[in-house]
Amino acid sequence: MPVAYIPRTKELYSEFKPYRWVDNTAAPIPWTPLNKPLKECRVALISSGGIMYRDQPRFHREDASYRRIPKDAPREDLSIWHFGYQTADAEKDPNCVFPLETMRALERGGIIGALCDPAFSFMGGVYSARKVRDELAPQIADELRRAHADAFFLVPA
Amino acid sequence: MVEAAGIPTLCMTSALDITRSVMPPRAVFLNFPLGHQAGKPNQPELQRRIVTDAMRAFDTITTPGAIVELPYVWDPNDRAWEEIDYTKGWMPARPPKEAADQAETERRARWSAKP
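Chains as they are written, first to last, in the working numbering: chain A, 150 to 306; chain B, 6 to 120.
The set of hints was computed from the structure by calculation and includes no laboratory data. From a predicted model like this one, the values you see are computed outputs, not experimental measurements. Please note that the accuracy of each hint is not assured.
[What the hints assert, rightly or not] Cut-off 20 angstroms, straight-line C-alpha distance, at most; resulting in silico cross-link-like pairs (SDA-like, lysine to any residue):
no. : chain 1 : residue 1 : chain 2 : residue 2
1   : B       : K93       : A       : P151
2   : A       : K241      : A       : Y202
3   : A       : K188      : B       : I12
With the sequences and hints as input, model every part of the structure.
As structure tokens, this is what we get:
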């Protein structure tokens, strides 16, 4: 059965004032069709799992910054900081939340045209959805344009 | 946001209720515990199958707001994780701040010492 995360979050944070969940159910959904087959697309990867590369600054709470991770980064160059999920398995193998090696394999196998360089990560435990929408997302959109991304793949933690 | 800026997007999710409220243009739902959305550690075959199947949704989703479910089961012999994921007591205790800051200083020093 799919886990009901909204009631569980309410329970976990019950001492705080009620959260205003994003509700887009009445809003029109933005839509851009792919203009070529996936195997010709440059795909950009982002994970909200809080991955850092080498000595990039560690994330912290209420941090809407993001990190650029070189697409060929070896596993040993990655580390993780996040307060909202059990990170033990991701620390053993970051591909659990940041499938960088996996996407490289898909590129080699011709499933995607190319994996964009760099890949990105941010720390998804940001309280303010407004901050993510108005600050982080436009910066990422600029990065994707610079990387000539044809498609954007988001993996949560 | 990014979709509106002209780049097609696809997101994975393990939180169906949240996704149904946010209504991203394309979503792929995989019922795995938090922290494992792209697979299990050191199982590259499974990770590849999950991500390949997820990426297919770029072709198969033609209606904005559609959510495709992937047919993977975390562990047929362990449904208990669904009861405890993201509940009180599920997260291990965090290390004390001093220990975490020390580990962070060491991490930064390790990398700045390398050529």
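To see whether the hints hold, each was checked on the structure:
1. B:K93 - A:P151: Distance ~18 angstroms between B:K93 and A:P151 Cα, so the pair holds.
2. A:K241 - A:Y202: The given pair, whose Cα atoms are some 15 angstroms apart, holds under the 20 angstroms limit.
3. A:K188 - B:I12: Since the Cα atoms of A:K188 and B:I12 sit roughly 16 angstroms apart, the hinted pair holds (cutoff 20 angstroms).
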